[in-house]
Amino acid sequence: MPVDWIWGLVGGLMIGTAAAVFLLGTGRIMGASGIVGGLIDGSGTDKSTTIAFLVGLVGMPALLTLGGWQVSTNATPVPWLLIAGGLCVGIGTRFANGCTSGHGVCGMSRLSVRGFAATIAYIGAGAVTVTFLRVGMGL
Amino acid sequence: MRALIAVLSGALFGAGLHISGMTDTAKVRGFLDFAGSWDPTLAFVMGGAMLPMIVAWRLTTNRKPVTGDAFPPPPSAELSRPLIVGSLLFGVGWGLVGLCPGPALASLSYGGWQGVLFLAAMLAGMWAVPPIRRALDSRRAAA
Numbered sequence: 001m002p003v004d005w006i007w008g009l010v011g012g013l014m015i016g017t018a019a020a021v022f023l024l025g026t027g028r029i030m031g032a033s034g035i036v037g038g039l040i041d042g043s044g045t046d047k048s049t050t051i052a053f054l055v056g057l058v059g060m061p062a063l064l065t066l067g068g069w070q071v072s073t074n075a076t077p078v079p080w081l082l083i084a085g086g087l088c089v090g091i092g093t094r095f096a097n098g099c100t101s102g103h104g105v106c107g108m109s110r111l112s113v114r115g116f117a118a119t120i121a122y123i124g125a126g127a128v129t130v131t132f133l134r135v136g137m138g139l
Numbered sequence: 001m002r003a004l005i006a007v008l009s010g011a012l013f014g015a016g017l018h019i020s021g022m023t024d025t026a027k028v029r030g031f032l033d034f035a036g037s038w039d040p041t042l043a044f045v046m047g048g049a050m051l052p053m054i055v056a057w058r059l060t061t062n063r064k065p066v067t068g069d070a071f072p073p074p075p076s077a078e079l080s081r082p083l084i085v086g087s088l089l090f091g092v093g094w095g096l097v098g099l100c101p102g103p104a105l106a107s108l109s110y111g112g113w114q115g116v117l118f119l120a121a122m123l124a125g126m127w128a129v130p131p132i133r134r135a136l137d138s139r140r141a142a143a
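Sequence lines, in order, name chains A and B.
With the working numbering, the residue at position 66 of the first sequence is 66, and numbering never jumps.
With the working numbering, the residue at position 42 of the second sequence is 42, and numbering never jumps.
Pulled out of the complex, with its shape left as it was, chain B reads as follows (with noise of 0.2 Å):
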């Protein structure tokens, strides 16, 4: 049951990405390119995506999931370091290709060798934060 719910929605999520533009690195960076020929898309899928998100949040109080144990906590309201320099980074490697996480993983089947390279090297970054955080809390322990 659990992993069917997951597999419906990663397909439409899968689908959404797809034929909303945002597998298109082109609609991605012309939403970023403020000062050049400014491409709104992204702002809609954005505002649409956020839709069904504000009602599914309302109806998660005081219920639990179908599956599982229980909602995630409220959101924490702490402005961390690593939260705004991450997403910083994060941003800069957006704008240098125009992929995020999820259309990086919905166009592989598509992107050609390109969309392979940046998801081997993006799931990298990702495999390398643990042991570059656990030096960063050694170093700031040490000091």
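The shape of chain A in the complex, shown without the other chains (with noise of 0.2 Å):
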């Protein structure tokens, strides 16, 4: 598939010019859990910011859709799966402070000590749930 990670190398020099602007712009870490966490759960003091944040970052994939560049996300059609996916991940970007973007993009890049321990951490516990998965539920 040498096309596919092209195209992940070309998206993912986006996400980090995105975190660059974002970081030297506002001083703020383009962490998408605690963004949007902070929103939720009110103790974010930057308001404006975030949904202006948000905007883009739900309307610009809503543009490129109607521009005729569709992606499926592919996503599992059973309700306790969606349903208990969402719950870990929002309960636990939350209780670590971060999520890929934080932790891994963010965090990494200034070799934060508490990035890689987070970023070793989801992809070992995601690869052993998927592993779980396929072997023992054939899901």
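Be a bit skeptical, because a hint or two may be false.
Said to hold, decoys possible - SDA-like, lysine to any residue: derived pairs with alpha carbons at most 25 Å apart: (1) K47(A) / G59(A); (2) K47(A) / A3(B); (3) K47(A) / V116(B); (4) K47(A) / P73(B); (5) K47(A) / G25(A); (6) K47(A) / P65(B); (7) K64(B) / T45(A).
The hints are simulated quantities; they were obtained by calculation from the structure and are not laboratory data.
Build the complex: two chains, separate frames, hints provided.
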């Protein structure tokens, strides 16, 4: 799949540039769970910046889809998986104070020990979960 | 100005997630499936995303952000229990469905009812964390 990793690299450079613009422009770390979590539990103080960021994050893929660049999420149709997965991601990222963007992209790029530890933990737990579902339950 | 920077950054983040394939749960779960037919795309996305940020962090020394007061303080090196247990729990949810917070938001317009259900559960989980924290703290204080 040579095309896939080239798109991955190009998309990754865009994600990193977005994080760099956010950091240098606003002084904040571009972490998806921190940004949306602060809005949800009321702990965030910089509300207008947060809402503007979310408008761009949700709006741009919608525009790309309208423009003909359609992709599918291929998400599972099993409701309990979606609910359990969402709860684990929501609770886990807020306890850990970061997710793939905050601890991964922004943390590891400044050689943060917490960023590396979190990334090893969530990739490890994710790998065990995927393998268990495939081998143990055929999902 | 600050809102304009934020909407541009969000749009670039959303476009990057969209074209990199990271809103496709099959590619994300494929990366996590080390024992199966492994899909390396996520490693290229993560590597590509870290490059501009390595430069950006260097630019923060002795400077101020364009808007706002200051850059984040240097990272703490404390490997606390919430960090590790929370990240393990996050990884389980990530493996169950293949969505993390960024892609769950980026795919909202085309993710269908599955995306909406996942996002609703994720936001409910986030909303529940402060009361869970308080309950854990008071139990620890009582013990």
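Verification of the supplied hints:
Straight-line distance between C-alpha atoms of K47(A) and G59(A) comes to about 18 Å, which keeps the hinted pair within the 25 Å bound. With a C-alpha separation of about 10 Å, the suggested pairing of K47(A) with A3(B) holds against the 25 Å cut-off. This hinted pair checks out: K47(A) and V116(B) have alpha carbons roughly 23 Å apart, not beyond 25 Å. Among the hinted pairs, K47(A) with P73(B) is consistent with the structure: their alpha-carbon atoms are about 21 Å apart, no more than 25 Å.
Proposed proximity of K47(A) and G25(A) is supported: the alpha carbons are some 16 Å apart, at most 25 Å. For the hint pairing K47(A) with P65(B), the CA-to-CA distance comes to about 18 Å; that is within 25 Å, so the pair holds. Straight-line distance between C-alpha atoms of K64(B) and T45(A) comes to about 19 Å, which keeps the hinted pair within the 25 Å bound.
Figure legend: structure checked against the earlier numbered hints; every hint is met.
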